[in-house]
Amino acid sequence: MALPDTIRTEDERQYYETTDQIQLKPGWLQGEGQPLPVMEPYLWRWAEVEPLVLKSGELVTPDRDVERRTLRLATPGLDRGTTHTITAALQLLLPGECAPAHRHTPTAIRWILKGKGAYTTVEGDKCWMEPGDLILTPSWTWHDHANEGDGPMIWLDGLDVPLVRYLRANFYEAYPEDQQPIVGVAESERKFASGALRPAWESPSVDYSPLWHYKWDKTYEALQRLAEVDASPFDDVAMEFSDPVTGGPVLRSMTCWAQMIRPGIRTRAHRQTSCAVYQVYQGEGYSVIDGQRFDWSEGDFFVVPPWVWHEHANEGSDGAVLFSIQDIPVLKDLSLYREEPYEENAGHQPITSIFRG
Numbered sequence: 037m038a039l040p041d042t043i044r045t046e047d048e049r050q051y052y053e054t055t056d057q058i059q060l061k062p063g064w065l066q067g068e069g070q071p072l073p074v075m076e077p078y079l080w081r082w083a084e085v086e087p088l089v090l091k092s093g094e095l096v097t098p099d100r101d102v103e104r105r106t107l108r109l110a111t112p113g114l115d116r117g118t119t120h121t122i123t124a125a126l127q128l129l130l131p132g133e134c135a136p137a138h139r140h141t142p143t144a145i146r147w148i149l150k151g152k153g154a155y156t157t158v159e160g161d162k163c164w165m166e167p168g169d170l171i172l173t174p175s176w177t178w179h180d181h182a183n184e185g186d187g188p189m190i191w192l193d194g195l196d197v198p199l200v201r202y203l204r205a206n207f208y209e210a211y212p213e214d215q216q217p218i219v220g221v222a223e224s225e226r227k228f229a230s231g232a233l234r235p236a237w238e239s240p241s242v243d244y245s246p247l248w249h250y251k252w253d254k255t256y257e258a259l260q261r262l263a264e265v266d267a268s269p270f271d272d273v274a275m276e277f278s279d280p281v282t283g284g285p286v287l288r289s290m291t292c293w294a295q296m297i298r299p300g301i302r303t304r305a306h307r308q309t310s311c312a313v314y315q316v317y318q319g320e321g322y323s324v325i326d327g328q329r330f331d332w333s334e335g336d337f338f339v340v341p342p343w344v345w346h347e348h349a350n351e352g353s354d355g356a357v358l359f360s361i362q363d364i365p366v367l368k369d370l371s372l373y374r375e376e377p378y379e380e381n382a383g384h385q386p387i388t389s390i391f392r393g
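Okay, so the sequence shown: first residue is 37 according to this note's numbering, each after it adds one.
These are computed hints drawn from the structure, not numbers from a lab. Just so we're clear, the structure is a prediction, and the values are computed from it rather than from any experiment. Be careful, since some hints might not be right.
[Said to hold, decoys possible] Cβ pair distances, simulated, as ranges:
#1 A236 - D369: 28 to 34 Å
#2 A83 - S239: 27 to 33 Å
#3 E76 - Y202: 15 to 21 Å
#4 R392 - I218: 46 to 52 Å
#5 E380 - I43: 36 to 42 Å
#6 P167 - P212: 55 to 61 Å
#7 R298 - E380: 23 to 29 Å
#8 G393 - L60: 41 to 47 Å
#9 D253 - R204: 38 to 44 Å
#10 A236 - R104: 25 to 31 Å
#11 P386 - E46: 46 to 52 Å
#12 S353 - E166: 40 to 46 Å
#13 A205 - R44: 41 to 47 Å
[To be verified] Computed cross-link-like contacts, DSSO-like style, restricted to lysine-lysine with a CA-CA straight-line distance of at most 30 Å:
#14 K251 - K368
#15 K227 - K254
#16 K251 - K150
#17 K61 - K150
#18 K227 - K162
#19 K368 - K254
#20 K162 - K150
#21 K251 - K91
#22 K251 - K152
#23 K152 - K254
#24 K251 - K162
#25 K152 - K227
#26 K227 - K150
#27 K91 - K152
#28 K91 - K150
#29 K162 - K152
#30 K227 - K368
#31 K254 - K162
#32 K152 - K61
#33 K227 - K251
Where a beta carbon is used, it is the ideal one built from N, C-alpha and C, also for glycine.
Based on the sequences and whatever the hints tell you, model everything.
Take a look at the structure:
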C-alpha cells in the first residue's frame, strides 16, 4: 500500500506500515463518491475483425478440446471480459461443423450476424439462425450449434462470465454426446412469440424468458411502428427484448436492446451505472463517449463503460440500427441503477477528440 501524503509523524508512518503488513486497509484512505471507470470506451471495425474471424477457421476446430471457436472483444483496461460484467465474442461455425453440446452457469445470448443454414438447439428446441435473430441460452440450459449450410456462420456471443466468475459461481458440464436430441423445431417461438398472447394453460416456472428465439423481422417491424409514434431523447427509437410472461428483461443479469437512430437525429447525452456492448447492425453514424467521437458503420462494435456520458448521432439519409447488451437488470435488482442527463449545451457534450483505433 502506498503511504498517504498526509503523514505528519513517525508514529503515523509506523501505524500505516503495520496495518499494511497484517493486511488491514484503513477505510478513510479509500476515496468515495462517483465510480471510477477501470475500462476505456473502444471501437472494433468490422472491416478489420471479419477477416480474422474467417481466418480462425483455418487454425482451430470446435471439438471437445476447443468447444467454441471465438474471438473476444478485449477492451483496454480489462484483463478479462469486454466489460467488467459482460464478455462479448465473435463465433465462427463452418459448413458441416458442430459446436458440441454443453451447459454452464453463465447466461449467454447469440446475436446472429452473417450466414444461413445453421441452427442452435436449446433444451431440445431447434432454432434456425438468421441474421438479426436473437437467441438466448439461459443459465444451465443445454445448447449446441450446427451448420448444415454451405457457407460460414458468424454471430456475436454475449455472456455474463465476468460477473459469474467474480461471484465464484462458474460451473460447466459437457453433454454425453456431441449433440443433444432434437425434440422440437421453433417450439418456444411458436408458443411465446405471439405478442400479448401466450398458451392459456402454461405457467412457466423458470426465472428466464420461455421464449429464446426473437426473429429479426418482428424486431424491425416493432422499431418501425414505434418510430411512427414516439422516441427517447437519449436513445431515440429504442426497444428492449422482453420476457413474454413477466414483461421484464429476457435474462436476470443482462438485457438486450434494438434501437434505431433516425436520419438527422443527435440524441441527448446521459450516463448510467450500467455498461453496454453495441453492434451496428445497419447504417452508419457516430457516438460521443466521454467527449470522444467514435464514428461507426455497419458491422462495427463499440463499448460504453459505466457512468460515462454518451450520445448517438446519425447524419446520413437512412436509419441506423444498433443492437446492445447491457447489465441493467442486475443493477436494478440490487437497487444500484442510476441514470443522469447531461444538462449543459442543450444536452450535447463538447467533442474533445476523435477515436482513431
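Hints, one by one, checked against the model:
1. A236 - D369: 28 to 34 Å: holds, 29 Å
2. A83 - S239: 27 to 33 Å: Hint violated: Cβ distance 48 Å, outside 27 to 33 Å.
3. E76 - Y202: 15 to 21 Å: Holds, since E76 and Y202 (Cβ atoms, about 20 Å apart) stay within the stated range.
4. R392 - I218: 46 to 52 Å: holds, 47 Å
5. E380 - I43: 36 to 42 Å: Given a distance of about 39 Å, which is inside 36 to 42 Å, the answer is holds.
6. P167 - P212: 55 to 61 Å: violated, 32 Å
7. R298 - E380: 23 to 29 Å: holds, 24 Å
8. G393 - L60: 41 to 47 Å: At roughly 44 Å between Cβ atoms, L60 and G393 fall inside 41 to 47 Å, so the hint holds.
9. D253 - R204: 38 to 44 Å: holds, 41 Å
10. A236 - R104: 25 to 31 Å: With a Cβ separation near 39 Å, A236 and R104 fall outside 25 to 31 Å, so the hint is violated.
11. P386 - E46: 46 to 52 Å: 48 Å Cβ-Cβ, so the 46 to 52 Å window holds.
12. S353 - E166: 40 to 46 Å: violated, 27 Å
13. A205 - R44: 41 to 47 Å: Check passed, 46 Å falls within 41 to 47 Å.
14. K251 - K368: Given that 30 Å is the threshold and the Cα spacing comes to 27 Å, the pair holds.
15. K227 - K254: The given pair, whose Cα atoms are some 15 Å apart, holds under the 30 Å limit.
16. K251 - K150: With Cα atoms ~14 Å apart, K251 and K150 stay inside 30 Å; holds.
17. K61 - K150: Answer violated: K61 to K150 is near 51 Å, above 30 Å.
18. K227 - K162: Measuring from Cα to Cα gives roughly 14 Å; hence the hint holds.
19. K368 - K254: Holds, at roughly 27 Å.
20. K162 - K150: Holds, at about 18 Å.
21. K251 - K91: holds, 29 Å
22. K251 - K152: holds, 14 Å
23. K152 - K254: Answer holds: K152 to K254 is near 18 Å, not above 30 Å.
24. K251 - K162: Status holds; Cα separation ~14 Å.
25. K152 - K227: Since the Cα atoms of K152 and K227 sit roughly 23 Å apart, the hinted pair holds (cutoff 30 Å).
26. K227 - K150: OK: K227 and K150 at ~26 Å, within 30 Å.
27. K91 - K152: holds, 19 Å
28. K91 - K150: holds, 15 Å
29. K162 - K152: Judged against 30 Å, a Cα distance of about 14 Å means the pair holds.
30. K227 - K368: holds, 29 Å
31. K254 - K162: holds, 19 Å
32. K152 - K61: violated, 55 Å
33. K227 - K251: holds, 14 Å
Against the hints set out earlier in the document, violations occur for numbers 2, 6, 10, 12, 17 and 32.
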